[in-house]
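**Student:** Spelled out from the first residue to the last, the chains are:
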Amino acid sequence: MNNNLTDSLAELAHLSNHITTLKSKLGNPEQEFLFFEGILNSLLTHITVLSEQGTIITINQAWRNFAIENGYNDPNYGINANYLEVCKQAKGPSSEEAYEVFLGIQAVIQQEKSSFYLEYPCHSPSEKRWFGVRASRFSGLNNNYVVISHENITQRKLAELELQKSAAELRAVIDVALDGVIIIDEYGLIESINNATEQIFGYTAAELMQQNIKILMPIPYRDKHDNYLARYRQTGHSQVINRRREVVGQRKDGTLFPMELFMSEVVLAKRRVFTGMVRDITERKQNEAQLNQYRNHLEELVQERTSELVAINQELRDFAYVISHDLKAPLRAISSLSNWLATDYRDKIDESGQKLLQLLHGRTKRMEKLIEGILQYSRLGQVREEQVSVNLHQLVINVIELLDPPPHIEITLETTLPIIMGEKTRLAQLFQNLISNAIKFMDKSEGKIRINCVAQANYWQFTIIDNGAGIEAKYFDKIFQIFQTLTPRDEFESSGIGLTLVKKIVEMYGGQIWVESKLGQGSTFCFTLPQ
Amino acid sequence: MKEEKSILLIEDDAIDIMAVKRAVKELNISNPLKTVGNGEEALIYLRDVQHDMPGIILLDLNMPRMNGIEFLQIAKNDNSLKRIPVIVLTTSQEQQDKVQSFNFSVAGYMTKPIDYLKFVEIIHTIHLYWTISELPE
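Each protein sequence line maps, in turn, to chains C and G.
Number 511 in our numbering belongs to position 511 of the first sequence; there are no gaps in the numbering.
Number 100 in our numbering belongs to position 100 of the second sequence; there are no gaps in the numbering.
Hints were generated in silico from the structure; no laboratory data involved.
Model, not experiment: these values are computed from the prediction.
Please note that a few of the clues may not be correct.
List of simulated lysine-lysine pairs, DSSO-like, C-alpha gap at most 30 angstroms [as the list claims (entries may be wrong)]:
#1 C:Lys355 <-> G:Lys25
#2 C:Lys440 <-> G:Lys21
#3 G:Lys25 <-> C:Lys504
#4 G:Lys118 <-> C:Lys369
#5 G:Lys21 <-> G:Lys5
#6 G:Lys98 <-> C:Lys365
#7 G:Lys21 <-> C:Lys369
#8 C:Lys285 <-> C:Lys270
#9 C:Lys440 <-> C:Lys348
#10 C:Lys157 <-> C:Lys91
#11 G:Lys82 <-> C:Lys355
#12 C:Lys365 <-> C:Lys355
#13 G:Lys21 <-> C:Lys365
#14 C:Lys285 <-> C:Lys157
#15 G:Lys82 <-> G:Lys98
#16 C:Lys424 <-> G:Lys25
#17 C:Lys348 <-> G:Lys25
#18 G:Lys82 <-> C:Lys348
#19 G:Lys82 <-> C:Lys365
#20 G:Lys25 <-> G:Lys82
#21 C:Lys365 <-> G:Lys118
#22 C:Lys369 <-> C:Lys478
#23 C:Lys128 <-> C:Lys157
#24 C:Lys369 <-> C:Lys355
#25 C:Lys369 <-> G:Lys34
#26 G:Lys118 <-> G:Lys25
#27 C:Lys348 <-> G:Lys5
#28 G:Lys5 <-> C:Lys355
Extracted from the complex, chain C is given alone in its bound form (with noise of 0.2 angstroms):
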């Protein structure tokens, strides 16, 4: 222990009154001397006192093992070395920053600075790491000194790097976003913005930095954006904050334009700021426009169609009913006229004339059928009973009834049939023109007609079964065709209507109809409604 040390420390202790007190406890220098030095060895920090000069006094043991630890075996650790010197005339990678510690530390002797503080990286080749340095002076009875203290601050600065990094990439994310970022603090003033506000707004950031929020609004939002946020500081109640809401914005250049807004509340750093996420939306609104012009106008083309088709809708209806009198009328008058002939001029008329007539009349009737099967048809499309239940067996038993079959020929219900929800005229007319053909068709002295129906996945499939006439394969779709028969008129009076009805009736229930058959074995139709 040197003299120049003790007497340092015995000037230090002079400084303070606390260390005063102390003193007169401890009693004599020595104990002073191992007491000061006992605390300066118990300190992480690197610590060295300097004289005026640059000398170095003292150091306390963390500088010591500092300097082991890089390679100094001078067994005085310096002591005694000029700092000064040794920053001054430094070389190497730290080169630069040892001159600026060199100009630090003089004008702190030189009373320009009362201290003096860098911060300076000093990478080893396995680790990097940061230094703090600093230099402060304090005078003794007679001389001045100064204390340099110096230590490791890699962990603080790595932590600062990674949040500097953080932040930096936080920035580069949201300066790349497509939506603008605006922080603000809680009178309204823009705090921070990214490039796609200043693309959205026209501004630059220097242009917004500091600027009250609401010049980026229209009036008259902008004059009472002021009092929303006093409201939101006293309150808490917002209509803005966690919303996503369409408002308007106002560019530089003063054009409004739309734009989706969500804003959010974050406390940083004990300070609450709030953060809007603004999107231009001009687009997408423009898109909309225009899809809600091409939804109207389909609605306009649609209802154009529509009141066509209902104007041809009423149209048929009259032509049905101009059918049904207009044609009668003269029809009627034709078949009356025939028959006065026949009674009036009995006498008159030989009886091939007579014979003719009654031609006449034959056909004022087929006529007649035909007319009222146009008008079935017609009507079929129109008006619509309401819907019940409907118990099919027994509708099918009462239209064997109503047919009356000739004494030769069978009918047999297979299996006992479903009710089901439908119109109770149309599912007679249905079973009715099916039966009706089946007897009307048997050419064979035992007629056989089964009817039945089975259960599907989700609809019932009817069986109309016959052993009569049959039809060829080619006529299948013919047969549903309206007005079309196989049969000369003469043989058959058919006309032609009744199938065409029966596929109108099936398909109006969603339903399907076939039919399979061999000429001369007789036919199955086939056909299928919903359940």
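Given the coordinates of chain C, assemble chain G onto it according to the supplied hints.
**Tutor:** Frame of chain C; chain G shown alone:
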């Protein structure tokens, strides 16, 4: 039908008029048969004090100037006419025509058959029914 009362036929078709006349004659119905061509003529006839009130009206629906339904609308709201029984005799089998006719309390609704002989049967039935039925004085 009551002996003294006339039958008023409101009909525009000449052959249908002939058919009614023929049927009435064939059935030996003695009531006088008066004929008018449409609803307007019928109202003029019925409101003419010189004419006796008919015992029954046979009404066609489809006629020029004033059709059968329009005639019913007026006649059935006329206190002096509304009790005369009206039988609609028409070609129309339209549900709407039937509903409208019965809304005006017609006494019957017959569709004219194509076959004249069936037409005679219809007139015969009407005659029988109205011979039995009582009418207010």
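**Student:** Can you confirm whether the C-alpha distance between Lys424 of chain C and Lys25 of chain G stays at or below 30 angstroms?
**Tutor:** violated (43 angstroms)
**Student:** Please work out if Lys82 of chain G and Lys365 of chain C have their alpha carbons no farther apart than 30 angstroms.
**Tutor:** violated (38 angstroms)
**Student:** Between the alpha carbons of Lys82 of chain G and Lys348 of chain C, is the straight-line distance 30 angstroms or under?
**Tutor:** violated (48 angstroms)
**Student:** Does Lys5 of chain G sit within 30 angstroms of Lys348 of chain C, going by the straight-line distance between their CA atoms?
**Tutor:** violated (38 angstroms)
**Student:** For Lys365 of chain C and Lys118 of chain G, compute the direct alpha-carbon distance and say whether it is at most 30 angstroms.
**Tutor:** holds (13 angstroms)
**Student:** Would you mind confirming whether the straight-line C-alpha gap from Lys21 of chain G to Lys5 of chain G stays at or under 30 angstroms?
**Tutor:** holds (16 angstroms)
**Student:** Do the alpha carbons of Lys128 of chain C and Lys157 of chain C lie within 30 angstroms of each other, as the hint requires?
**Tutor:** Satisfied, since the Cα-Cα distance of roughly 10 angstroms is no more than 30 angstroms.
**Student:** Hinted pair, alpha-carbon criterion (30 angstroms max): Lys369 of chain C, Lys355 of chain C. Please report holds or violated.
**Tutor:** holds (21 angstroms)
**Student:** Given the hint that Lys369 of chain C pairs with Lys34 of chain G, does the C-alpha gap stay at or below 30 angstroms?
**Tutor:** violated (33 angstroms)
**Student:** Does Lys5 of chain G pair with Lys355 of chain C here, judged by a C-alpha cut-off of 30 angstroms?
**Tutor:** violated (42 angstroms)
**Student:** Keeping to a limit of 30 angstroms between CA atoms, is the pair of Lys25 of chain G and Lys504 of chain C held or broken?
**Tutor:** Between Lys25 of chain G and Lys504 of chain C the Cα gap is close to 46 angstroms, so the pair fails against 30 angstroms, i.e. violated.
**Student:** Run the distance test for Lys355 of chain C versus Lys25 of chain G: straight-line Cα separation, threshold 30 angstroms.
**Tutor:** holds (27 angstroms)
Hint violations for this structure: numbers 2, 3, 8, 9, 11, 14, 16, 18, 19, 25, 27 and 28, all remaining hints satisfied.
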